[in-house]
Amino acid sequence: MSEEMDMEEGGTIKKFMFVNRKAPYGTIYALESLEVVLISAAFEQDVSLAFVDDGVYQLMKGINTDGIEMKSFAKTYRALEGYDIEKLYVDRESMEARGISEDDLIVDVQVVSAAEMADLMNEQDVVLSF
Amino acid sequence: MATVNIAGKDIEVDEEGYLTNLADWNRDVAEYLAKEEKVDMTDAHWEVIDFLREYYDEYQIAPAIRVLTKAIGKKLGADKGNNKYLYELFPYGPAKQACKIGGLPKPTGCI
Amino acid sequence: MLHIVNKSPTERNSVESCLAHAKKGSKVLLIEDAVYAATKGGAAEARVRSAMADVTIYALQPDLAARGMADRVIDGVNLVDYGGFVDLVAEQANCQSWL
Chain A
1 MSEEMDMEEG GTIKKFMFVN RKAPYGTIYA LESLEVVLIS AAFEQDVSLA
51 FVDDGVYQLM KGINTDGIEM KSFAKTYRAL EGYDIEKLYV DRESMEARGI
101 SEDDLIVDVQ VVSAAEMADL MNEQDVVLSF
Chain B
1 MATVNIAGKD IEVDEEGYLT NLADWNRDVA EYLAKEEKVD MTDAHWEVID
51 FLREYYDEYQ IAPAIRVLTK AIGKKLGADK GNNKYLYELF PYGPAKQACK
101 IGGLPKPTGC I
Chain C
1 MLHIVNKSPT ERNSVESCLA HAKKGSKVLL IEDAVYAATK GGAAEARVRS
51 AMADVTIYAL QPDLAARGMA DRVIDGVNLV DYGGFVDLVA EQANCQSWL
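Residue numbers (this note's numbering), protein chains in the order written: chain A, 1 to 130; chain B, 1 to 111; chain C, 1 to 99.
It should be emphasised that the hints constitute simulated quantities derived from the structure, not laboratory data.
Just so it is clear, CB atoms sit at the ideal spot from N, CA and C, and this is done for glycine as well.
The reader is advised that the hints may include incorrect statements.
Unchecked claim - Footprint (simulated), chain A over chain C, 3 or more residues, beta carbon under 8 Å:
1) 4-10
2) 31-37
3) 41-48
4) 56-67
5) 70-82
Full structure from sequences and hints, please.
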């Protein structure tokens, strides 16, 4: 798309995907990703989130961090809808390998196969990994 | 770390005047912080503060302004869910100023 | 000997390597992301269950709760709090961390 077009339309909307592959709380990746996602919402881009491998653990229900003196951010995933971020994809194989089902998750998600996830990743303009 | 004395109690605030510990907040603290911000608290102000604190309790973040206006419009009506109404109450930015008075951290996604 | 592991079994091979090197009668404490190894339905469950024949497995309860996994602990895994963590370290002659 030409620069003139960009100016006329006030910028191009690109497809951004945040890929989450780490368990929460053991490292800072999950929280950092969530914060960048919330900030990115201000730019009104086409944002989606993917949860793969240990990343699926981020969405577990029943998280209670009182005992480890860290702030819980589990409930913040529920705020994403209000930020117009509604595309949350969870990798089926990753859930199965961890004995987790959709009912164990704190938000509504789309469960996809690894092949479907590969297609989703492939169609992005930008993929950010955490 | 700076402290301010409110009703005989020392309370920690950060360099921008936000409370360090959410648990330190109460109505007296809010009145003090509002005075610092030169905001005269009315029922309309409290309504927004209470809304923000409920939002924080539910989602563990302070909302970005766009999200705040939308959510307030949904809960309190379209006449309140707009920038004009909220900026009249909190002239230096509803999200920033109301969060500070409400004892919440600066909104995530506040740029 | 007390072995302490803090890495997820589905991200690193620390749990696997620790269990392969733990002598009969030793104790293994799972903390931080390693507590996922102590949960049912996970990829590491079978390995942890078979290891229980030779070693005693412990998991740090606050780390399980922080990950929403407190209700999914494999039977036979012993739960400890921070005080229990300290006791385990104090009562063993030596300890090794698997980072």
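Consistency of the hints with the structure:
1. 4-10: Contact hint for the segment 4-10 of chain C vs chain A: holds, 4 residues under 8 Å.
2. 31-37: holds (count 3)
3. 41-48: holds (count 4)
4. 56-67: Check passed, 6 qualifying residues.
5. 70-82: Holds, because 4 residues of the segment 70-82 of chain C bring their Cβ atoms closer than 8 Å to Cβ atoms of chain A.
Consistency with the previously given hints is maintained throughout, with no hint failing.
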